[in-house]
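Colleague: In case you want the letters, here they are:
Number of protein chains: 2
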Amino acid sequence: MKTLIGVGVGPGDPELVTVKAVRVLRESDVVFVPVMGGPGPESPAAGRAETTIRAHIGPERIRRVAFALNDQGGLTPRRTSAWQAAASEVARAFEAGATTISFGTIGDPNLYSTFSYLAQTVRGMVRGVSVETVPGITAMQDLAARSAGMTGAGTVLAEGGESLVLLPLTGGAGALRDALGQPGTVVGYKLGAAAGPPPEEVRRLLAEAGRLDGAVVGSRLGLEGEDIRPAAELASLPAVPYLSTLIVPARREGVGSGLARPDGGAR
Amino acid sequence: MKTLIGVGVGPGDPELVTVKAVRVLRESDVVFVPVMGGPGPESPAAGRAETTIRAHIGPERIRRVAFALNDQGGLTPRRTSAWQAAASEVARAFEAGATTISFGTIGDPNLYSTFSYLAQTVRGMVRGVSVETVPGITAMQDLAARSAGMTGAGTVLAEGGESLVLLPLTGGAGALRDALGQPGTVVGYKLGAAAGPPPEEVRRLLAEAGRLDGAVVGSRLGLEGEDIRPAAELASLPAVPYLSTLIVPARREGVGSGLARPDGGAR
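Just so you know, the sequences run in chain order A and B.
When we follow the numbering used here, the leftmost residue of the first sequence carries the number 550, and every step to the right adds one.
When we follow the numbering used here, the leftmost residue of the second sequence carries the number 550, and every step to the right adds one.
These are calculated hints, taken from the structure and not from any lab test.
As the structure is a prediction and not an experimental result, all values here were calculated from the model.
Using N, Cα and C, we set each Cβ at its ideal position, and we do this for glycine too.
Among the hints, erroneous ones may be present.
As the list claims (entries may be wrong) - According to the in silico footprint, chain A covers these stretches of chain B (three or more CB under 8 Å from chain A): (1) 562 to 576; (2) 657 to 670; (3) 748 to 757.
Chain A on its own, in the form it takes in the complex:
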């Protein structure tokens, strides 16, 4: 019985992994972690997933695999070969006798993760392999909680009958504009990516939709250099770190106060 487990390790803070993730990582024969970069001779630094995992297990079973994604999260021919190489490493570890192999991924393995591509490739290579995943905290959730320092009580993502749209900003300004036209919460991923609208354009779209108040942007959550600020400040930045997250709360009666105001009074 061979099992490949995609383990979500959260957004970067080593405490934001689940008890199950820690157990699964400790019980795995091999734990693969992604490092960015090609298959070349450069020696990449530990990625976020590896740093989090090293806080919970010893280094002896951790192995790095190199690959990269483009701004759309899609695979170019060069990157497809990197996927093949990574999957081949996993297949070799199974051949060498491993029965349980984990692959650590930031955030959640089923939400904009690199894991689904890897699992697909491994399934084509290793007969009878079983694929599982362990959920992880996403950047959206972490930013909602961490923005308490800015707003006084965090950012409520959705409550009551509100809807929430999650979209990568690499799709361009149109999808963001459409989402802002609806009353629900809008969460944008990958703000700052070259393929997406520039930060000052995002700020303008929010202002035009009347949704700048309460909107927050965050990057490097839980890590050195963490940056959380009102989206209103976007225009004044020379650039935004890649992988920034944007939360635009649902239209509510009284920004930041929530749909329901049980006390009926002022904050």
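Given chain A's structure and the hints, the job is docking chain B onto it.
Modeller: Only chain B this time, still in chain A's reference frame:
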């Protein structure tokens, strides 16, 4: 310094809490947990949050507060009084000397949680109270992972440039129909609620949109009586447990195969 912390404890499986949540619960002077029901004399059973928390801390600091939500997650006058009573209990615990009080909530405290209402009310009662939250795994993420038993590899919520819409089905069939008309993933919460469309209507809407394949429904995730099945089986059920979750994966080339098929071959 008085701090009220909303702690997400995940969907029900005691292992799906974060390391941070366990630490915060252990360091709190008092840990409140919700029990459903009015303020009457009945003695309610432990709720999901309490069951999860009892797996990690002793019972001596756990205190139950009673309240209820309607299908919209909104507050009726009767329920508003229950909120006031719950907030008053928290305020009394601060007055009695507690400096750190946790409130355990299933899922994530910023996503369709009862916590935002409570925090709002407490802030109106306790001068200078600081409000924080600790993120938790949501039912959507847990269902995506647990459906591996049904699909062989779980349900990918979103990858690459795909968007995802999350909506409570208590808003009626219209919002679901609109969301299904877009190509992105649709996640429906509270399937089976009296205020929402009946399960057979949900199944019909999915079929009409050509999106029944790959859609999954789950309830009581990680608990006794867990029920995960294809959405195609919805019509054959006499009823669906309240708080069921529906995932309709994004339109992809080859259902369940993911956008990218690096090997270009059959599964």
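Colleague: Holds or violated: the region 562 to 576 of chain B covered by chain A, criterion of 3 or more residues with Cβ-Cβ distance under 8 Å?
Modeller: holds (count 10)
Colleague: For the region 748 to 757 of chain B, count the residues whose Cβ lies under 8 Å from any Cβ of chain A; is that count three or more?
Modeller: violated (count 0)
Colleague: Are there at least three residues in the region 657 to 670 of chain B whose beta carbon sits under 8 Å from a beta carbon of chain A?
Modeller: The restraint on the region 657 to 670 of chain B holds, since 11 of its residues have a Cβ under 8 Å from chain A and three suffice.
The structure fails to meet hint 3 from the earlier list, while all remaining hints are met.
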